[in-house]
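Trainee: Below are the chains, spelled out letter by letter.
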Amino acid sequence: MPTFVYMTRCDGCGYCVDICPSDIMHIDPTMRRAYNIEPNMCWECYSCVKACPHDAIDVRGYADFAPLGHSVRVKRDEERGTIAWKVKFRDGREKDFLSPITTKPWGKHIPKLSDVSGPDKDMRDGQLLFNEPKYIRMDEGGLHTLESAGLKLEEGVYY
Amino acid sequence: MGYQTVVEDNIDILVVGAGLGGTGAAFEARYWGQDKNIVIAEKANIDRSGAVAQGLYAINCYMGTRWGENNPEDHVRYARIDLMGMVREDLLFDMARHVDSAVHQFEEWGLPLMRDPKTGAYQREGRWQIMIHGESYKPIVAEAAKKSADKIFNRICVTHLLMDDSKENRVAGAVGFNVRTGNYHVFKSKAVVVAAGGASMIFKPRSVGEGAGRVWYAPWSSGSAYGLLIQAGAKMTQMENRIVLARFKDGYGPVGAYFLHLKTYTQNGLGEEYESKWFPELQKMVGKEYLDVEASHRTHRPIPTCLRNHAFINEVNAGRGPIHMVTMEAFQDPHLEEVGWENFLGMTVGQAVLWAATDVDPKNENPELTTSEPYVMGSHATGCGAWCSGPEDVSPDEYFWGYNRMTTVEGLFGAGDAVGGTPHAFSSGSFTEGRLAAKAACKYIDDGKAQGIRVSDEQIERRKAEIYKPMEHYKIYRNEVVAGTVNPSMINPRQGLDRLQKLMDEYCGGVTVSYMTNEKLLNIGMKKMRILFEDLEKLGAGDIHELLRAWELKHRTLTSESVFHHTLFRKETRWPGYYYRGDAMKLDDENWHVLTVSRRDPDTGEYTMEKAPCYHLVDAAE
Ligand SMILES: Cc1cc2nc3c(=O)[nH]c(=O)nc-3n(C[C@H](O)[C@H](O)[C@H](O)COP(=O)(O)OP(=O)(O)OC[C@H]3O[C@@H](n4cnc5c(N)ncnc54)[C@H](O)[C@@H]3O)c2cc1C
Ligand code: SF4
Ligand code: SF4
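Listed in order, the protein sequences are those of chains A and B.
Numbered according to our numbering, the first sequence spans residues 1 to 159.
Numbered according to our numbering, the second sequence spans residues 1 to 622.
Hints may be right or wrong, so weigh each one.
[What the hints assert, rightly or not] No farther apart than 25 Å at their CA atoms in a straight line, the calculated lysine-lysine pairs in the BS3-like style are these:
{"id": "1", "chain 1": "B", "residue 1": "K571", "chain 2": "B", "residue 2": "K528"}
{"id": "2", "chain 1": "A", "residue 1": "K108", "chain 2": "B", "residue 2": "K146"}
{"id": "3", "chain 1": "A", "residue 1": "K112", "chain 2": "B", "residue 2": "K443"}
{"id": "4", "chain 1": "B", "residue 1": "K146", "chain 2": "A", "residue 2": "K104"}
By construction, these hints were calculated from the structure, which means they are not laboratory data.
Pulled out of the complex, with its shape left as it was, chain A reads as follows (with noise of 0.2 Å):
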């Protein structure tokens, strides 16, 4: 199901260029916007679609296996950290689907790295990341080892 641009509502801003991750969303340089150049390297990821400011793009099933009369919509806000899905059959049936995408203000909760205070040696030289062992069980209890586990690696067969 590959992507197309409708004529009236794409204005070449080119955002959907910028995130297409098959480097197929191009802008045609008479047309001055954007088109799908290779649609059998489009994986219907929607990423263009979500990004399109003017609702441009649309899908159309794959015309291998896909009859033509359906649609499947989508509107992302971020804002509002959500994602609505419309689903229209072939036969006019529609289905209706509303997602979070995120539980936080976009990027304030991750942490930047460079600011908190850096690992001591022991940590170093040990098997610890950043924020374990509490990040583990968020405990106090420490990391697995062998040791702890009881185990030991063995070589032969086992089942």
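Using the hints provided, position chain B with the ligands relative to the given structure of chain A.
Mentor: Coordinates of chain B with the ligands only, in the frame set by chain A:
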């Protein structure tokens, strides 16, 4: 050609590919290297790149030690059983003991994890999977990487690693080109973490024509992690261990939540349960140790994914297809129906589009399933990838050479799909491996191991000429013909990809041969591969976008060659349902309870294969 050379010097940690593994590496590197220069080189835009670009509806690897659910060793045993014994248990144990801390951070960063209303614990989909509203999973981890990295270069296709000219087998950075400007980029770095993802589209996909990009793993998963590592002479392991997936037909929508949470199940075309009738015969092939249905019932020992595929494939070949997923019962519950649909919208929208297009409502009819073409990757139910060192407190000598997740090339680390022998890491485990690799890479530098690196201008110029060769070739030969793509002196990347896919399919066990191969077929295939490599020297790229496709193809072809060598080497059928060696249909523990390890000599292209011991976790008391 008018393209500039842009040199980024004095990098400490270069992260190549910032999907789940790479973002984990970049984020964590800042903690262990607060004064270090951390740089990301990414082929797409890190906000939506890699296998998680469209989001995920589940985190498939979470122990839940916080809720007293599982211990790391439980997960190791599970992965061992699922992969018919062939795993790196040191790496798996290490990943599993850290993975929960990654997931707890994700929640703190804003990723919506669902909770079980009764227990307050994360909502389980299955024993290892938790359910999430993960549409923004990738933008969230990208944000974490952005906060840590000094510089992020989006739209750089990395083509080669740079090697130290003063010390053999030591990495010195990477080179590539900018997919927008065409400029040549040189990254000189003390250590490199390769996290450039697995390989889709190396076997001919079931979809054709316009739908050829409708593959299970993303079409941009170009095998670059393998291509880069193999070219640099890093040892690889388990490259024969490709994966085949049972998925909803055509759209390849995921089935995990359907089986585990919605409790849907499969039937053949006659409406019968079919799996169990294949198990007696299968047990003769693999042995009772690997398939014991009674024990599985009693102890909930999982039936390996490949063996369930085997039953599926054989039932269809016996003329009793199609295999259906029985959804009509579960979907009568409106909540479960919603979960079923959101599952697709959250990670494989194409399946929802297909059902809309074909008026399939799983409430009223049971949709068809299929088995996919094979994929080569290392973080799902398969473990292809580089042969890496484990952590010093766990690994036996054969698995340890100084730094966690370091390949056999000094200073060159891996994460996610890049690391071999670590199946069932999934998104969270890949991110965790990135963190582990970053810590080890910082230590490698702090220990003075990266001193005195020298990169000659000769090496930089040689790689540059190599990178742009497809464009030069195109310029020279395009006027040999009037117009069009048929040319006696040149093939384009699509034509090369079609050739690769066809020969992998027919000689290395793809869908059209029901995943079957043998020594004779493999040898013919490898001969054709060698000629394909010759023709890749005549690859033509008309523009920078095509140059991207050219290098993706080269990485895919290097990956495929490795798959051929490994498949030929392992003379047994270890994973029926993933592929079959028709000339050695039985699992053979006496000779093959080992990991396969290969190295391609970077100068001659010659392969050497070896067997490495398989270590297992056992009770210390035993
Ligand atoms: C359909 C689907 C469903 C899945 N479901 C789940 C699930 O429910 N739960 C779960 O936990 N996991 C799931 N996974 C698995 C998960 O996505 C992977 O395990 C994980 O993303 C692997 O991480 P990685 O870093 O190795 O690769 P990726 O995340 O793919 O990252 C690779 C990165 O490298 C970049 N790159 C590639 N080539 C180059 C190059 N030449 N130069 C520079 N950069 C390059 C890519 O652009 C990308 O950013 C699913 C995957 C798929 C495809
Ligand atoms: S749906 Fe995804 S792959 Fe297709 S054009 Fe849009 S961003 Fe690119
Ligand atoms: S994002 Fe939308 S408006 Fe902007 S170029 Fe793309 S299709 Fe056009």
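Trainee: Checking each numbered hint in turn, tell me which of them this model violates, lowest number first.
Mentor: When the structure is compared with the hints, none of them turns out to be violated.
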